[in-house]
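Take a look at the letters that make up each chain.
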Amino acid sequence: MDKNKRNVNYNLYVESKVPKTKAWPSLVKAFILGGIICAIGQGFFDLYTYLFPSLTESEVSTCMLMSIIFITCFLTGLGVYDIIGAWGGAGSVIPITGFSNSISSPAIEFKKEGIIYGICVKMFTIAGPVIVCGVVGSIVCGFIGLFM
Amino acid sequence: MINILDYVISFLVGGFICFLAQILVIRTKITTARILVLFLIIGMILEVLNIYAPFREFAKAGASVPIIGFGATLARGAITASQEYGLIGVFTGGLTASAGGIAMAIFASFIFALIFSSKTKRGGH
Numbered sequence: 121m122d123k124n125k126r127n128v129n130y131n132l133y134v135e136s137k138v139p140k141t142k143a144w145p146s147l148v149k150a151f152i153l154g155g156i157i158c159a160i161g162q163g164f165f166d167l168y169t170y171l172f173p174s175l176t177e178s179e180v181s182t183c184m185l186m187s188i189i190f191i192t193c194f195l196t197g198l199g200v201y202d203i204i205g206a207w208g209g210a211g212s213v214i215p216i217t218g219f220s221n222s223i224s225s226p227a228i229e230f231k232k233e234g235i236i237y238g239i240c241v242k243m244f245t246i247a248g249p250v251i252v253c254g255v256v257g258s259i260v261c262g263f264i265g266l267f268m
Numbered sequence: 002m003i004n005i006l007d008y009v010i011s012f013l014v015g016g017f018i019c020f021l022a023q024i025l026v027i028r029t030k031i032t033t034a035r036i037l038v039l040f041l042i043i044g045m046i047l048e049v050l051n052i053y054a055p056f057r058e059f060a061k062a063g064a065s066v067p068i069i070g071f072g073a074t075l076a077r078g079a080i081t082a083s084q085e086y087g088l089i090g091v092f093t094g095g096l097t098a099s100a101g102g103i104a105m106a107i108f109a110s111f112i113f114a115l116i117f118s119s120k121t122k123r124g125g126h
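The listed protein sequences derive, respectively, from chains L and G. Per the numbering used here, residue 121 is the first one in the first sequence, and the count goes up by one each step. Per the numbering used here, residue 2 is the first one in the second sequence, and the count goes up by one each step.
Among the clues, some could well be false.
Computed footprint of chain G on chain L; a stretch qualifies when at least three of its residues, placed anywhere within it, have a C-beta under 8 Å from a C-beta of chain G [what the hints assert, rightly or not]: (1) 124-135; (2) 150-162; (3) 176-184; (4) 220-230; (5) 234-246; (6) 249-259.
Partial list, derived from the structure: chain L residues whose beta carbon lies under 10 Å from chain G [unchecked claim]: (7) A143; (8) L147; (9) F165; (10) D166; (11) S187; (12) I188; (13) I191; (14) T192; (15) F194; (16) G209; (17) A210; (18) S212; (19) V213; (20) P215; (21) G262.
Here are a few chain L residues that face chain G, going by a calculated C-beta distance under 8 Å [as the list claims (entries may be wrong)]: (22) S146; (23) L171; (24) C193; (25) I216; (26) G265; (27) L266.
Hints listed in this document are in silico derivations from the structure and should not be mistaken for laboratory results. Just so it is clear, the structure is predicted and the values come from calculations on it, not from any experiment. Ideal Cβ positions, reconstructed from N, Cα and C, are used throughout, including at glycine.
Kindly produce the complete structure, drawing on both the sequences and the hints.
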C-alpha cells in the first residue's frame, strides 16, 4: 500500500518535471510544414507533367517522389533537415521526406563504423520496419486482389 | 497549366494528415518507425477499400506525398499485378510499383553518407 502510494507520488513528480510539448503551436507547425512539403510535391508534379507529357500520371508521381527523396537526403547530409524536423515535428515525418530522412540520417550518423557495418547496416534501423511491413502488406493485398 | 487550387488543396490535406500525426505524437509519444508503419498500413487499407483513388483525385500531392500514398502505391501495384499475372504478380507487384522511391532513397542515402560526415550528434529521430 505504502509502496503504491509512493509510486503515485513519484509519477506525479515525473509528470511535473517532464517538459511539456506545448500542444497547439506544435500542431500548427506540423500542419504548416506538412502542407508546404505537399505543395512542393505538387509543384514537381506539375513541372514533370509539363516537361514530359508522354509519361502517365503514376510515372510522373514516381518521378516527383524521387525528386523529393533526393533533395531530402541532400538536406539531411547538410544537417538542414534536422533543423526543419525539430521545428515541424510530425510534419517532417509523415511526408515521404520522413521516410527518406529515416534512411539517410542513420547512414550518415554511423558512417564512422565503416561502410558495410556502418552505412549499409544502420541505414535500415528505422526504415527497415517500414519496408518489411510494406512488402508483407503488399503481398497480403495481392492475395486479396487475386480474389477480387 | 498550373491550377492554384491544386496547391491550396495539397497544402490543406497534407497539412491535415500531419496534424493528425502530431496529435498522436503528443498523446502517445509514438516513435518515428511506428508512426510511419501505422500510416503506411492506413494507406494500404484505403487502397484495398478503393477509397484512396477518389481521395487522390481530389487531394493530388496532398494524398501522394504523405507516406499513406506510398502504402497505397504498394497495395495498388500488388493488386494490379496479381490480377494481370496471377500468383507471381502477388509477390512482384508491390515492390515493382514502389521501386523508384525505395531505390532512390537507398542510393541517395548511400552517396550522401559517403560525402557528408555528421559533425554534431544527430538524433536520427
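Evaluation of the provided hints:
no. : hint    : verdict
1   : 124-135 : violated (count 0)
2   : 150-162 : holds (count 12)
3   : 176-184 : holds (count 5)
4   : 220-230 : holds (count 10)
5   : 234-246 : holds (count 6)
6   : 249-259 : holds (count 9)
7   : A143    : holds, 6 Å
8   : L147    : holds, 5 Å
9   : F165    : holds, 6 Å
10  : D166    : holds, 5 Å
11  : S187    : holds, 9 Å
12  : I188    : holds, 7 Å
13  : I191    : holds, 9 Å
14  : T192    : holds, 8 Å
15  : F194    : holds, 6 Å
16  : G209    : holds, 5 Å
17  : A210    : holds, 4 Å
18  : S212    : holds, 8 Å
19  : V213    : holds, 6 Å
20  : P215    : holds, 5 Å
21  : G262    : holds, 3 Å
22  : S146    : holds, 6 Å
23  : L171    : violated, 13 Å
24  : C193    : holds, 4 Å
25  : I216    : holds, 6 Å
26  : G265    : holds, 3 Å
27  : L266    : holds, 5 Å
Of the numbered hints listed earlier, those contradicted by the structure are 1 and 23.
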